[in-house]
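Novice: Sequence:
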Amino acid sequence: MANHNTSKPRFQRLPKKDRDEVTRLHELIRQNSDLSLHGDLKSYLQVRTEFLETVFACPPRDPPVSREMRLTSDLLSAFHYAEMHSFGDGMIQRLVDNDPALQAAGFSLASRFSLLHWRDRHYVYGILKGLAAKDDFAVLRSVKRLPRLAPTGHTSTVLLCEALCMVLRRDKDAFHALGEKLQSRNHTKLYQGMYKCLSAIMHGSPNQVSESLLMIAAAARHKKSYVSSLERVVSYEAHALFNLAVDEFSERNIAAPIPPAHMAWDTEYQRYIEQTPVDRSRLIDLAAMSPTLHSWVEELPDDIQIRDLLLETSRVDEVTDPSQPYTALQLRRLSPDAEPFRGEVCPACRFYIPRFEGLDDAAIQRIRALGVPQGAAELITQTGCPRKFALIWMNHPNGPREPSPLHLPAPPCPHCGKKLATALARQCLHCGADWH
Numbered sequence: 001m002a003n004h005n006t007s008k009p010r011f012q013r014l015p016k017k018d019r020d021e022v023t024r025l026h027e028l029i030r031q032n033s034d035l036s037l038h039g040d041l042k043s044y045l046q047v048r049t050e051f052l053e054t055v056f057a058c059p060p061r062d063p064p065v066s067r068e069m070r071l072t073s074d075l076l077s078a079f080h081y082a083e084m085h086s087f088g089d090g091m092i093q094r095l096v097d098n099d100p101a102l103q104a105a106g107f108s109l110a111s112r113f114s115l116l117h118w119r120d121r122h123y124v125y126g127i128l129k130g131l132a133a134k135d136d137f138a139v140l141r142s143v144k145r146l147p148r149l150a151p152t153g154h155t156s157t158v159l160l161c162e163a164l165c166m167v168l169r170r171d172k173d174a175f176h177a178l179g180e181k182l183q184s185r186n187h188t189k190l191y192q193g194m195y196k197c198l199s200a201i202m203h204g205s206p207n208q209v210s211e212s213l214l215m216i217a218a219a220a221r222h223k224k225s226y227v228s229s230l231e232r233v234v235s236y237e238a239h240a241l242f243n244l245a246v247d248e249f250s251e252r253n254i255a256a257p258i259p260p261a262h263m264a265w266d267t268e269y270q271r272y273i274e275q276t277p278v279d280r281s282r283l284i285d286l287a288a289m290s291p292t293l294h295s296w297v298e299e300l301p302d303d304i305q306i307r308d309l310l311l312e313t314s315r316v317d318e319v320t321d322p323s324q325p326y327t328a329l330q331l332r333r334l335s336p337d338a339e340p341f342r343g344e345v346c347p348a349c350r351f352y353i354p355r356f357e358g359l360d361d362a363a364i365q366r367i368r369a370l371g372v373p374q375g376a377a378e379l380i381t382q383t384g385c386p387r388k389f390a391l392i393w394m395n396h397p398n399g400p401r402e403p404s405p406l407h408l409p410a411p412p413c414p415h416c417g418k419k420l421a422t423a424l425a426r427q428c429l430h431c432g433a434d435w436h
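In our numbering, the protein residues as written are 1 to 436.
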């Protein structure tokens, strides 16, 4: 049960086992900044500024599009870890500094990072964190995005996502259809408590909401989570559904439920978020770290483009500018089998044609006059470029080449409209029409 002596800071009111865990995690982050939200994002942004000289250059024969897709996948992974770090860091700092604002900022950031990287119904936990922080914009955006997500994943999680969004949309008919599934005893105590709470909210029963909130808070003490062991200390699910119930009942002129009298209920935190808007910068100043990342977190766009982040700094602008020649320092940092990753793209072979700093017109003419084998060797000697750079440069003496007609997109048949075999085809394989 809850300790009602609120004269002491919440950290001191926790059981010794929980105090020791908070102290351990705080010391771990203090000694290794890479384990914090700031350190995790900073390490990713460092990769961002160096990706052209590392990620892009190393994988041989990889088309540029697939390299960008790989980096986009890395970005989504960074969002995943940022969600976990902001969630855990917020709870730790709230207890260490006795400041509920830090926990509110952590829950809100975790919700928004979740909505940026999740692509299935598991992002219901992001919605719950947004509700726990009273982050109405994040909740609204998440509910709007739900129909585009496939209903796959952990059965109880998918069911929770469906039920929560039906309550948010006030869709009683659809919620009633879930009745038997929600009442199943095959779910854990935590899920059973959340299902009962959502059902009580939908049916306007404050007493049942209060009972289910106590069940949720009690279940949190036995929860095993891969996100943060501090989920045993504070039940964000209970805070989320309490806030949802208060908002729903207020509009329907129904009395608010009674908060659960339990150790996992953070009374000071609840009082704070009911009186003060969330300030996410209290936990981390994303605007100073990355304006693009900050705008994504604040606006929660439906689609994010990795290139917007890659082109954010002047250094990356310089590296990605096709007109910029390679310097000797940049070439020395590349692996021996690296390919060019900037320059004009040849439509015929899809390679970038590099340019080299320090080569004047006379040197270029002299090297090209040697022919491909000797010229490539001379170019490597003078510039220190990888072998593929030299061969691509030597094989494009006049710049980009026009693609072969065989590589052009095949047009439709003028008779039946189906796609021809090649751009040079004079007979349709589908209808047999011939125009030789």
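Be aware that one or more of the hints could be misleading.
Derived SDA-like pairs (lysine to any residue); straight-line CA-CA distance at most 25 Å [claimed, not checked]:
no., residue 1, residue 2
1, K419, P336
2, K17, S7
3, K172, T155
Source of the hints: derived by calculation from the structure; they are not laboratory data.
Novice: For each hint, tell me whether it holds in the structure or not.
Specialist: Hints, one by one, checked against the model:
no., hint, in the structure
1, K419 x P336, "violated, 42 Å"
2, K17 x S7, "holds, 21 Å"
3, K172 x T155, "holds, 21 Å"
Violated hints amount to a single one, hint 1; each of the other numbered hints is respected by the structure.
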